[in-house]
Amino acid sequence: MADPSVIGLGKPYNRRSRLRQIFSSQKTAPYVFVLPFILSFLVFFLYPIISTVIMSFQRIDGPEDVTFIGFQNYKNLLNPHFLNAVWLTTRYTFWTILVLVPLPLVLAIFLNKKTTIGKNFFRSAFFMPALTSVIVAGLFFRLAFGEQQTTLVNSMLGVFGIKPTIWLQDADASMFVMVLLCTWRWMGVNIIYFLSGLQGIPEELYEAAAIDGASEFEQFLHITLPSLKPVIMYVVTISVYGGYSMFAESFALWNGPRSPGEIGMTIVNYIYQEGFNNNNLGFGSAIGIALFAIVMAVNLLQLFSSGFFKKEGT
Amino acid sequence: MKKSLAILFSTVLLLAMILSGCGAKTSTAKTGDIKPTTLNFWTFQELHKGFMDDAVVTWNKNHPDKPIVLKTDVYPYDEQHNKLLIALQSGTGAPDIVDIEISKFANFLKGSKPGLVELNDVVEPVKDKLIMGRMENYAKDGKYYGIDYHVGAEVMYYNKALFEQAGVNINDIVTWDDYIAAGKKIVEKTGKPMTTLETTEHWSYYPLINMQGSDLLGKNGEVILDNEINKKTLEMLKDMLYKDKIAVPAPGGFHHSEEYWAWMNKGNAASVWMPMWYMGRFVQYMPDLKGQMVIRPMPIFPGGKKSAGMGGTGTAITTQGKNIELAKQFLAEAKLSKEGSIKTWSLLGFDPIRSDAWTDPAMSADNKYTDYFGTDIFNTLKAVIGDIGSINVGAKFPNAITLLQKNICFKVLKEQSQTPEQALKEAAEELRTK
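Going line by line, the protein sequences match chains A and B.
So the first sequence is numbered by my numbering: it starts at 1 and just counts up by one.
So the second sequence is numbered by my numbering: it starts at 315 and just counts up by one.
Please keep in mind that the hints were generated in silico from the structure rather than gathered at the bench.
Possibly wrong hints are sitting among the right ones.
[Said to hold, decoys possible] Heads up, incomplete: computed chain A residues facing chain B, CB under 7 Å, no partners named: (1) 61; (2) 62; (3) 146; (4) 148; (5) 256; (6) 260; (7) 279.
[Unchecked claim] Here are the simulated SDA-like pairs of lysine to any residue, each with C-alpha atoms no more than 25 Å apart in a straight line: (8) B:652 to B:704; (9) B:748 to A:80; (10) B:397 to A:53; (11) A:163 to B:576; (12) B:748 to A:62; (13) B:557 to A:166; (14) B:559 to A:164; (15) B:642 to B:405; (16) A:75 to B:709.
Using N, Cα and C, we set each Cβ at its ideal position, and we do this for glycine too.
Make a model of the complete structure from these sequences and hints.
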């Protein structure tokens, strides 16, 4: 509470006490404390979103050459390049979720066991790639997956008598490389999520199940999985977002948005290509808004199907 | 006593400091009567920084009354062009002088008021001495906005050793028919391909259509990508790969990939056609071929030209600069003067844009390029220079180049999922709707 002697009538205010009054007032203090967030939200989030929406209805040729063209940019979205980008990004997201949910889950269970040797070493080893620059990792993958017989991966396959593959100029092979790069990079992070979820499950549940004669697999199925459901849902949700917003991996693998035959052209790459490489900022904004709509739709669909909203309601 | 000593000591120190300060002031006033003007320069090519730094030294020697300091930032290719685009779009943050690559240049000339300064008053006085085809690449409505570093004459690089091994005389190759016939002999005798073709870039295809008078866009920016010449030329390249079997797709997809350099450095192909500026890549990335490679004019098509001016970087001045006139004069002296033009050869290994520089004795002096390719480089170039025209860089050019690289060349020459006609037609129709 404010000091009554300071705010009493007839006594001059001094600056320090006034500040103290603001910070200790139950009414104003909360607003003061959230002000930095509100300001940064308005300047760095809301303002860009609003201007992107406006720009998506414009044709922008220069700072003074802006014309409103209605829905033309959105009509132009129906072209093979955008559809290819949506299809490619959807496939990429599907594969990353398919790999990046079960695999880290299983690894987390192993890393959570008391009997596993070198737990801390493996935890940090799995997490390390998340700290690496994606550009450096992409460059390494680009060179490792080169098409020559002498490049790292092809020479390793050669030991087993497998012919060299042209990795980065083939649709399926390059999808494999992109998913592999993503797995290598994000597995450690997902392991951390699952580990924290696993550590929240009471030990007594397992003990009781063991006394009842449940096998390890039954324990996993009936205790671990249901208990981890919120974590799994969270990981899937951020993977949907992560998959659809993929940019840097593809950019590094093909040195820009120029993958041959658009085999690595994700939606964000398409925004980059149209917005910056072709100086078509209006159209680029329209693609951005479309991406926002797609991610929202997919996430809502996934949350509905997993009963997330039902649970909230009951 | 102690106190007064301390006061005396500090007074002496203070006086000494003030006096030394005054001394420093007078000395700067003497040496730097004229404050140099700082100009900012953005480039995506480290080599260009060296060229400009040298030009600043020359400028300051020639113009002691208006010295300059050039603050250069070297960015990655994409980053620099994007940064410039945002600076010009937002109206703030652009440098005084900037390098813009030819395939991006049209992006900066969009709209009624480009953010670049018109350079006609420095270009026109030396018009008769310039290879004007190179200036047209950076022009819009008769106004020039950029000055190139080089002509970019398309030439053939032959591997002498493989030709000797196959018993084929390089100088006998005059037409493309000769080239294909020689290629078959090379493959037969050496087991190595005659050449490599880019499947994810445009340097194998674009010069060939240009030499036949065709282009991606017409004079007025209209799309002519799917014309008969372009179709036949793409068919010829496809045949080289899969019918005549004298060519292979370039390892890594293009002639600037690390894989191609490593592969070519081992002498794995008998020839490659690229612009003159590609000499630097040989010297830098394929050192083992030193003394083995020779430069000859391109094989010709019936009624076609002997070469084409390919690639390029236009140095431009932005309207946001505070010293536009000074930047313009400096740029003109650096790149449009005879001395500057000669320096593009001696410092960068580029073919100069001023024709009177070509005959200067300085051009025949030995350097790392003559050491690598022999002393007859300039004679080869002189033989073809008259045939070099411009390319049509309309507003749709950046898009057309992207489609050529990613879709046409890749789908026809590598993936073989489309015929030349299908690929060209599909891309042309898309460009027409833009």
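For each hint, the structure was consulted:
The restraint placing residue 61 of chain A at the interface with chain B holds, with a minimum CB-CB distance near 3 Å, inside the 7 Å limit. For residue 62 of chain A, the suggested interface contact is upheld, since its CB lies about 3 Å from the closest CB of chain B, less than 7 Å. Annotation: interface hint on residue 146 of chain A holds; nearest CB of chain B at approximately 5 Å, less than 7 Å. At a threshold of 7 Å, the smallest CB-CB gap from residue 148 of chain A to chain B is about 6 Å, leaving the interface hint in force.
Here the hint on residue 256 of chain A is kept, as its CB sits about 5 Å from the closest CB of chain B, short of 7 Å. Taking 7 Å as the C-beta cut-off, the interface hint given for residue 260 of chain A holds, the closest approach to chain B being about 4 Å. At its closest, the beta carbon of residue 279 of chain A sits 4 Å from a beta carbon of chain B; the interface hint therefore holds under the 7 Å criterion. Between residue 652 of chain B and residue 704 of chain B the CA atoms are separated by roughly 21 Å; this keeps the pair inside 25 Å, and the hint holds.
Restraint check: the Cα-Cα separation between residue 748 of chain B and residue 80 of chain A comes to about 14 Å, which is no more than 25 Å; the hinted pair holds. Of the pairs offered as hints, the one joining residue 397 of chain B and residue 53 of chain A holds, with about 22 Å between alpha carbons and a cut-off of 25 Å not exceeded. For the hint pairing residue 163 of chain A with residue 576 of chain B, the CA-to-CA distance comes to about 20 Å; that is within 25 Å, so the pair holds. For the given pair, residue 748 of chain B sits about 18 Å from residue 62 of chain A by alpha-carbon distance, which is consistent with the 25 Å threshold.
Distance restraint check for residue 557 of chain B and residue 166 of chain A: the Cα-Cα separation of roughly 22 Å lies within the 25 Å cut-off, and the hinted pair is therefore satisfied. Only pairs whose Cα atoms come within 25 Å are accepted, and residue 559 of chain B paired with residue 164 of chain A is accepted, the gap being roughly 21 Å. Using a Cα cut-off of 25 Å, the hinted pair residue 642 of chain B and residue 405 of chain B holds, with the two alpha carbons roughly 20 Å apart. The hinted pair formed by residue 75 of chain A and residue 709 of chain B meets the criterion: a straight-line CA distance of about 21 Å does not exceed 25 Å.
The structure fails none of the hints (numbered hints given earlier).
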